[in-house]
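Trainee: Modelling step: build the complete structure from the supplied sequences, incorporating the hints.
Protein sequence lines, in the order shown, are assigned to chains Z and X.
Per this note's numbering, numbering of the first sequence is gapless, rising by one per residue and ending at 196.
Per this note's numbering, numbering of the second sequence is gapless, rising by one per residue and ending at 467.
Treat the hints with care, since some could be wrong.
[Unchecked claim] Looking from chain X toward chain Z, a few residues come up when the C-beta cut is under 10 Å (computed):
(1) G24
(2) P25
(3) V27
Calculated from the structure, these hints are not laboratory results.
All of these numbers come straight from a predicted model, not from anything done at the bench.
Quick reminder that beta carbons are idealized off the backbone N, C-alpha and C, glycines included.
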Amino acid sequence: MAYDSFNVLKSSAVPLPIENVDTDQIIPARFLKATERKGFGDNLFRDWRYDKNDAPKADFVLNNPTYSGKILVGGKNFGSGSSREHAAWAIYDYGFRCVVSSFFADIFRGNAINVGVLPVQVSPEFLHQIFTAIEADPKAELEVSLPEQTITIVATGASEKFAINGYKKNNLLNGFDDIDYLQAMKSEISTFAENR
Amino acid sequence: MSNSPTTLFDKVWDSHVVRKIADGPDVFFIDRHFIHEVTSPVAFLGLETRGIGVLFPERTFATADHNTPTINQHLPVEDPLSANQLLQLEKNTAKYGISHWGLGNPKNGIVHVVGPENGITLPGMTIVCGDSHTSTHGAFGAIAFGIGTSEVEMVLSSQCIMQPKPKKMRINVNGELGKGVTPKDVALYIISKLTTSGATGYFVEYAGDVFEKMSMEGRMTVCNLSIEMGARGGMIAPDQTTFDYIEGRELAPKGADWDKQLAYWKTLKTDAGATFDEEITFLASDIEPMITYGTNPGMGMGISKQIPNADEVEGGVATYEKSLEYMGFAQNDSMIGKKVDYVFIGSCTNGRIEDFRAFASIVKGRKKADHVTAWVVPGSHIVEAQIREEGIYDILTEAGFALRQPGCSACLAMNDDKIPAGKYAVSTSNRNFEGRQGPGSRTLLASPLVAAAAAITGVVTDPREFL
Ligand code: SF4
Chain Z
1 MAYDSFNVLK
11 SSAVPLPIEN
21 VDTDQIIPAR
31 FLKATERKGF
41 GDNLFRDWRY
51 DKNDAPKADF
61 VLNNPTYSGK
71 ILVGGKNFGS
81 GSSREHAAWA
91 IYDYGFRCVV
101 SSFFADIFRG
111 NAINVGVLPV
121 QVSPEFLHQI
131 FTAIEADPKA
141 ELEVSLPEQT
151 ITIVATGASE
161 KFAINGYKKN
171 NLLNGFDDID
181 YLQAMKSEIS
191 TFAENR
Chain X
1 MSNSPTTLFD
11 KVWDSHVVRK
21 IADGPDVFFI
31 DRHFIHEVTS
41 PVAFLGLETR
51 GIGVLFPERT
61 FATADHNTPT
71 INQHLPVEDP
81 LSANQLLQLE
91 KNTAKYGISH
101 WGLGNPKNGI
111 VHVVGPENGI
121 TLPGMTIVCG
131 DSHTSTHGAF
141 GAIAFGIGTS
151 EVEMVLSSQC
161 IMQPKPKKMR
171 INVNGELGKG
181 VTPKDVALYI
191 ISKLTTSGAT
201 GYFVEYAGDV
211 FEKMSMEGRM
221 TVCNLSIEMG
231 ARGGMIAPDQ
241 TTFDYIEGRE
251 LAPKGADWDK
261 QLAYWKTLKT
271 DAGATFDEEI
281 TFLASDIEPM
291 ITYGTNPGMG
301 MGISKQIPNA
311 DEVEGGVATY
321 EKSLEYMGFA
331 QNDSMIGKKV
341 DYVFIGSCTN
351 GRIEDFRAFA
361 SIVKGRKKAD
371 HVTAWVVPGS
381 HIVEAQIREE
391 GIYDILTEAG
401 FALRQPGCSA
411 CLAMNDDKIP
421 AGKYAVSTSN
431 RNFEGRQGPG
441 SRTLLASPLV
451 AAAAAITGVV
461 TDPREFL
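Mentor: Right, here's the structure in full:
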């Protein structure tokens, strides 16, 4: 599934300082019934965002007009639980291109990259600095540079490096995906299968 | 194979690497691929958009489970969205020549129950499925883990995914388990110690007396829950217990092929002296029947204990308080005696024959509490048939329980089996996340024995009272 390539993203951010945000919260199972990848953003954080009568809950951050932006900043162990890629689709479809946390669950991290959402893992201290900066100014901008592998709090200039392997980085920079890569090596794979 | 001591995990992983990419993931060959109705449709759509096909259709197996009703399966599925997902699965598998065990097929059931019981899951294999509890299959000494839909598309089109090799952890549990302590309790205990992120980035091998003596059903329960501590998966070296379980299963190797494979399977163990990035050892005697009190599987405790304080729990005070508020509990509460509204026995964690035997051992000759709604859901038709054959069905009926038809059911509540908001459910499934079993539902994860005791008394009860 094609996604937009990623280079440098400068944006304000939406803070979600909760730990262990699991993919059942990001997109509850009852919204997984589609057979096409469309409209998942409407149900992002559905049960935190809307009450049982589908009215927006005023105290949830996505319903607070003070906060906006293409970067979601979450607490430690973001994306745990179910392997549903729908969670990453919902985040992308809502308009986020980057999620920042001090720790990501494995499958979520992989899914995010595969659909064009950059997971940026920072130190707990830096995460704290980001939350503090947003608290001081909800419009505070972050700059995420994929080529440099850095994330910077624009107001303070504080910056940190983040890790990503060279192959995935190249994919994201160019909007390529793994399927393109694997298609090109099909005969090598068939030979491997025969010799097993 | 090199001569230096090697782990089971390395043996299986390394023999499946098609290509190593410098500063990138391995191109990793997949022997078996399971698909179901929820995470596959977009992958098939992707094949179509790109104009590419399925490389090895005989290596993929499809079952319908996540969305399916657990009553009246012979009737058309009412929910139009669910019905459409089932229809798409049927069409897509027919189009590409993939085996499909849909509703009504005698092999139908939860994907992680039907793979092993039909002899498709074998030692030394690499197995993936668009479902995080694929780790279940590791019980056979396979490398098995959950993948996302993009990866489902990769496996369909190329039989490979791109995976960085995880780090290795060994978890040993030694000694003798006490009365009423089941594989589910062992797993919940480990998760409560490691936390839900404690094994992230690792692939776990379980070793030690407790796992060596454990049945295949029990090993599947433990490996199933590996993902709940963040691990990519968990595995247990195959042994005679494993071989006995597989032999004679419908799609298992036969004759000369069996002998050849068996010889290979016997090489699948961690050599003495092989090293792990992390090794942890627990004592079986420290484990008692477990129950969870919070909103992630790491928030579990021995059933006789009290809810720990925030500072003893990973995740920060805010997360802890939010969790207890959601559950309607307070710190230092005892769980014993808390009212239970629903009991769910089933899921790929505890939906196998041994689980229903355990459940029946307590409910036999007793009656279900009037105010408790119980959903008893076998993991597959084969399990259901066994329940009837072994007389468990009669025990259940006499005690006031109705048997439903196989599927994921209240484990993720995509069908009608939803726990109502605010209600408490003792559940043998694997996740107690907010709303997992229906919006506002409150889940207490536990073993089939704890579930049975709760169903009888209507409150959280130590099952050892009944044993
Ligand atoms: S029973 Fe639950 S955990 Fe298992 S496959 Fe079904 S939904 Fe997933």
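Trainee: Does each hint hold? Answer for all of them.
Mentor: Here is how each hint holds up against the structure:
1. G24: 3 Å, holds
2. P25: Nearest chain Z Cβ about 6 Å off; hint holds.
3. V27: 7 Å, holds
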